[in-house]
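Engineer: Chain residues, written in single-letter form:
Protein chains: 2
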Amino acid sequence: MKTVKIAILGHGNVGGGLCEILQMNRQLIEERIERKIHVSYILVNNVTKERPWPTLGAKLTDSFDEIVNDNSIEIVIEALGGIEPAASYMRSALEAGKHVVTANKAALAANYPALLEKAQENNRQLLFEASVGGGIPALTAISNPLQGNEFTEVMGILNGTTNYILSKMWDEGLSYDEVLADAQAKGFAEADPTADVEGIDAANKLSILMALAFHVYVHPEKIPTEGISKITLKDIENAKKHGEKIKLIGHGYWEADENGQEILKYHVKPMKFTSEHPIFGVDNEYNAIYINGNAVGQLMFYGSGAGPLPTGSAVLGDLLSIARSL
Amino acid sequence: MKTVKIAILGHGNVGGGLCEILQMNRQLIEERIERKIHVSYILVNNVTKERPWPTLGAKLTDSFDEIVNDNSIEIVIEALGGIEPAASYMRSALEAGKHVVTANKAALAANYPALLEKAQENNRQLLFEASVGGGIPALTAISNPLQGNEFTEVMGILNGTTNYILSKMWDEGLSYDEVLADAQAKGFAEADPTADVEGIDAANKLSILMALAFHVYVHPEKIPTEGISKITLKDIENAKKHGEKIKLIGHGYWEADENGQEILKYHVKPMKFTSEHPIFGVDNEYNAIYINGNAVGQLMFYGSGAGPLPTGSAVLGDLLSIARSL
Numbered sequence: 035m036k037t038v039k040i041a042i043l044g045h046g047n048v049g050g051g052l053c054e055i056l057q058m059n060r061q062l063i064e065e066r067i068e069r070k071i072h073v074s075y076i077l078v079n080n081v082t083k084e085r086p087w088p089t090l091g092a093k094l095t096d097s098f099d100e101i102v103n104d105n106s107i108e109i110v111i112e113a114l115g116g117i118e119p120a121a122s123y124m125r126s127a128l129e130a131g132k133h134v135v136t137a138n139k140a141a142l143a144a145n146y147p148a149l150l151e152k153a154q155e156n157n158r159q160l161l162f163e164a165s166v167g168g169g170i171p172a173l174t175a176i177s178n179p180l181q182g183n184e185f186t187e188v189m190g191i192l193n194g195t196t197n198y199i200l201s202k203m204w205d206e207g208l209s210y211d212e213v214l215a216d217a218q219a220k221g222f223a224e225a226d227p228t229a230d231v232e233g234i235d236a237a238n239k240l241s242i243l244m245a246l247a248f249h250v251y252v253h254p255e256k257i258p259t260e261g262i263s264k265i266t267l268k269d270i271e272n273a274k275k276h277g278e279k280i281k282l283i284g285h286g287y288w289e290a291d292e293n294g295q296e297i298l299k300y301h302v303k304p305m306k307f308t309s310e311h312p313i314f315g316v317d318n319e320y321n322a323i324y325i326n327g328n329a330v331g332q333l334m335f336y337g338s339g340a341g342p343l344p345t346g347s348a349v350l351g352d353l354l355s356i357a358r359s360l
Numbered sequence: 035m036k037t038v039k040i041a042i043l044g045h046g047n048v049g050g051g052l053c054e055i056l057q058m059n060r061q062l063i064e065e066r067i068e069r070k071i072h073v074s075y076i077l078v079n080n081v082t083k084e085r086p087w088p089t090l091g092a093k094l095t096d097s098f099d100e101i102v103n104d105n106s107i108e109i110v111i112e113a114l115g116g117i118e119p120a121a122s123y124m125r126s127a128l129e130a131g132k133h134v135v136t137a138n139k140a141a142l143a144a145n146y147p148a149l150l151e152k153a154q155e156n157n158r159q160l161l162f163e164a165s166v167g168g169g170i171p172a173l174t175a176i177s178n179p180l181q182g183n184e185f186t187e188v189m190g191i192l193n194g195t196t197n198y199i200l201s202k203m204w205d206e207g208l209s210y211d212e213v214l215a216d217a218q219a220k221g222f223a224e225a226d227p228t229a230d231v232e233g234i235d236a237a238n239k240l241s242i243l244m245a246l247a248f249h250v251y252v253h254p255e256k257i258p259t260e261g262i263s264k265i266t267l268k269d270i271e272n273a274k275k276h277g278e279k280i281k282l283i284g285h286g287y288w289e290a291d292e293n294g295q296e297i298l299k300y301h302v303k304p305m306k307f308t309s310e311h312p313i314f315g316v317d318n319e320y321n322a323i324y325i326n327g328n329a330v331g332q333l334m335f336y337g338s339g340a341g342p343l344p345t346g347s348a349v350l351g352d353l354l355s356i357a358r359s360l
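Residue numbers (my numbering), protein chains in the order written: chain R, 35 to 360; chain U, 35 to 360.
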């Protein structure tokens with residue numbers, strides 16, 4: 035059985051979650067893909083720190099150069115988060131002839147055309163299922179089983195933290211500040227929640243989703259973005275009276291202008307839904323991605339948009355798909 | 035640009051829907067896969083009958099032998115429905131070195147191990163995304179982006195006709211017989227609705243879903259199956275009083291017996307759901323497939339489970355995925 039050697043950049047929630055699944059499902063994975071996956075390196079800041087996740091016998095290193103210069107490494111998993119140095123590392127890995135899997139929406143959305151071009155130039159795969167919707171396999175669906183469709187619309191609850199906050203306000207009548215503080219205490223929201231609550235995270239994901247579905251790249255900073263920090267309990271209660279829920283939505287769609295020309299519209303903003311729309315039932319930390327194709331009609335994918343194991347599941351799917359092809 | 039020559043067996047809703055999409059999205063498809071798709075033959079019973087769907091310049095033939103003996107045909111699309119002669123045609127096509135795409139749950143569920151073995155023996159692909167959930171890309175999701183998971187449960191609303199009937203009874207307070215007659219008049223239910231309302235269609239789909247997710251094949255006739263024909267308006271009204279909906283569900287799951295050994299349980303039967311379960315909101319002719327994986331957690335896919343274009347979309351996805359690889 036061929037052994038595929040990989041390196042993981044980062045050993046936090048995503049890199050750690052991946053290691054956990056590789057350990058938990060090792061036998062099943064080897065049987066399915068008829069390959070062994072060997073984690074040769076894990077890139078960390080501090081090689082001596084105790085690790086809450088399995089390290090699988092990998093060498094812990096703080097040197098990316100050590101990884102990129104090792105010709106035995108065929109696949110690099112980028113699980114660092116943040117734009118830099120993640121984007122530069124992905125570029126270098128592709129240039130060094132390695133396939134790359136990333137979960138990093140910020141680095142990918144900011145550098146989408148350049149990174150895809152780099153992968154193509156080097157005839158290597160760059161896969162990123164985990165970057166949008168965590169464990170939800172929407173990106174692979176768009177580029178494979180749905181590839182015969184012209185997509186007219188993508189829409190989604192793309193951020194679990196904000197959906198959790200809005201759900202708790204609706205369900206329990208708590209204020210935005212109360213729920214945010216509670217979510218921070220429970221670890222569902224970050225100490226600095228700006229990227230989530232102001233819609234920046236959702237804009238990154240919408241940028242990737244549109245690039246894939248529409249073959250049009252819009253830099254996330256060009257997407258009109260409004261978050262949920264100004265939503266009051268009164269707004270929620272008004273919506274509830276009308277049988278509506280407020281959801282933070284990333285939305286991209288084609289609309290004909292007065293000359294009949296199709297124009298791409300996009301935004302991230304709070305929107306209201308009644309129970310007739312399938313997005314109405316997507317609550318708490320769950321995400322959903324809704325797609326409209328000219329053949330398939332409306333589809334919705336529902337699942338965990340974050341968390342070590344769901345995100346690790348999506349990274350692993352990409353990794354195994356590349357490993358099978360080697 | 036390479037031209038991939040294909041043959042379509044059948045020109046009803048599925049074969050016709052596929053032709054419609056190939057015509058509608060031709061340019062986009064050729065750009066995406068960098069191949070031309072040429073439909074060389076369409077197998078029909080009556081070559082002189084007028085056709086409601088595009089025939090795309092294909093030769094209409096009533097001879098399967100003509101197709102299987104034409105070495106230029108690389109992919110055969112089986113869109114006949116029914117177990118025979120569909121299963122024999124698929125076997126012959128694989129033996130003749132052609133890849134096969136099918137939408138036919140009855141033929142596939144009844145012959146799953148033999149057909150997959152035949153494909154493997156001949157080193158050809160047999161793809162069947164459209165056979166479960168119509169346009170919903172759940173099967174590809176299970177075998178690709180979710181392939182690192184051990185699945186503990188699959189569950190679904192796998193039949194649109196019965197979901198339509200149950201939804202109308204719940205929404206409009208009509209009896210089973212009234213809604214069935216209305217659905218038949220509108221063409222949503224067949225003149226002989228037995229396979230749908232008695233759960234046989236759902237059992238075929240559950241058999242395929244379990245084979246893919248659990249790697250355990252259960253012949254559909256071995257699945258305990260109860261349909262919806264005995265559900266009264268009183269049953270529905272009782273459920274409604276408790277905030278529940280009744281759905282016809284195909285369900286397969288692992289459960290530990292008294293010795294702690296995991297046993298596979300399965301059935302097709304009406305089940306009740308409250309609004310806390312994502313399946314509650316799946317109404318009318320829509321289908322949903324719910325999956326639980328040990329890494330990804332719970333996922334649900336929602337969309338059109340039938341109809342010429344949604345089913346054609348799934349067939350086309352498989353076709354293009356094979357065409358890319360040629």
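Because the hints were derived from the structure by calculation, they are not lab data. These numbers come from a predicted model, not from an experiment. One or more hints might be untrue.
25 Å max Cα-Cα, derived SDA-like pairs, lysine to any residue [what the hints assert, rightly or not]: (1) R/299 to R/314; (2) R/275 to U/360; (3) R/220 to R/154; (4) U/39 to U/277; (5) U/274 to R/220; (6) U/274 to R/61; (7) U/70 to R/245; (8) U/299 to R/220; (9) R/70 to U/184; (10) U/36 to R/154.
Engineer: Taking the hints in turn, state whether each one holds.
Structural biologist: Hints, one by one, checked against the model:
1. At most 25 Å may separate the alpha-carbon atoms for a hinted pair to count; residue 299 of chain R and residue 314 of chain R meet this at roughly 22 Å.
2. Restraint check for residue 275 of chain R and residue 360 of chain U: not satisfied, since their Cα atoms lie roughly 57 Å apart, outside the 25 Å limit.
3. With a C-alpha separation of about 42 Å, the suggested pairing of residue 220 of chain R with residue 154 of chain R is violated against the 25 Å cut-off.
4. The suggested pairing of residue 39 of chain U with residue 277 of chain U is violated, with an alpha-carbon distance near 53 Å, which exceeds 25 Å.
5. With a C-alpha separation of about 36 Å, the suggested pairing of residue 274 of chain U with residue 220 of chain R is violated against the 25 Å cut-off.
6. Proposed proximity of residue 274 of chain U and residue 61 of chain R is contradicted: the alpha carbons are some 46 Å apart, above 25 Å.
7. As the CA atoms of residue 70 of chain U and residue 245 of chain R are separated by approximately 24 Å, the hinted pair is consistent with the 25 Å bound.
8. For the proposed pair residue 299 of chain U and residue 220 of chain R, the alpha carbon gap of about 36 Å is over 25 Å, so the pair is violated.
9. Our distance criterion of 25 Å between C-alpha atoms is met by residue 70 of chain R and residue 184 of chain U, whose separation comes to about 17 Å.
10. For the given pair, residue 36 of chain U sits about 20 Å from residue 154 of chain R by alpha-carbon distance, which is consistent with the 25 Å threshold.
Violated hints, in rising order: 2, 3, 4, 5, 6 and 8; the structure is consistent with all others.
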